[in-house]
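J.: Sequence:
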Amino acid sequence: MSNEACAYCDEGPALDAFGIKIYELPASKVVLFKEQSHKGRVIVASKHHVSEIVELSKEDRDAFFDDVDRVAKAVHATFHPDKVNYGAYGDTGHHLHFHLVPKYRDDEFEWGGTFAMNPDRVHLTEEEYDEMAKAIVANL
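Position 99 of the sequence shown, counted from 1, bears residue number 99 in full-length UniProt numbering, the numbering being contiguous throughout.
These are calculated hints, taken from the structure and not from any lab test. The reader is advised that the hints may include incorrect statements.
Stated by the list, open to error - Mimicking PhoX-like on lysine-lysine, the simulated pairs with C-alpha atoms at most 20 Å apart in a straight line are:
1) K103 x K58
2) K73 x K21
3) K73 x K103
Said to hold, decoys possible - Beta-carbon label-pair distances, calculated as ranges:
4) P13 x D107: 29 to 35 Å
5) R105 x E59: 37 to 43 Å
6) A88 x G112: 18 to 24 Å
Positions of the beta carbon are idealized from the N, C-alpha and C atoms, including for glycine.
Use the sequences and the hints to build the structure in full.
T.: Set out below in structure tokens:
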């Protein structure tokens with residue numbers, strides 16, 4: 001663990017650059033990803049500042065995956081995607097987090113492949129982000 005600033009821990013301008021914290025679960029924070037090429041894309045970030053999942057205790061790991069499952073169910077209930085892709089990278093941001101990326105067959109963008117980290121295609125108004133966040137939270 002380093003002393004570098006962490007967007008997920010600090011919840012300041014670094015987080016604001018790419019996401020909006022919309023909810024807290026027992027083991028994680030739910031962040032709405034601002035780039036919405038995949039409608040409903042969110043991030044589930046551990047409340048523990050660790051880089052690797054193996055750094056969590058069994059109890060903390062189970063709680064984190066319970067949260068990921070809960071958010072995935074909310075994304076499915078809210079947006080009805082054909083598939084949700086899960087990505088856990090952290091090469092540059094050393095804080096355990098999963099991207100939950102809904103994929104839709106009727107939107108051929110990246111269907112059948114991995115997702116771009118930030119394709120910079122779709123950004124919403126503050127009102128649209130707020131509506132989306134409320135819809136997801138209602139299903140949590």
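J.: If a hint holds in the structure, say so; if it does not, say that too.
T.: To see whether the hints hold, each was checked on the structure:
{"no.": "1", "hint": "K103 x K58", "in the structure": "violated (30 Å)"}
{"no.": "2", "hint": "K73 x K21", "in the structure": "holds (18 Å)"}
{"no.": "3", "hint": "K73 x K103", "in the structure": "holds (14 Å)"}
{"no.": "4", "hint": "P13 x D107: 29 to 35 Å", "in the structure": "holds (31 Å)"}
{"no.": "5", "hint": "R105 x E59: 37 to 43 Å", "in the structure": "holds (38 Å)"}
{"no.": "6", "hint": "A88 x G112: 18 to 24 Å", "in the structure": "holds (20 Å)"}
The structure is inconsistent with hint 1 alone, although it conforms to all the rest.
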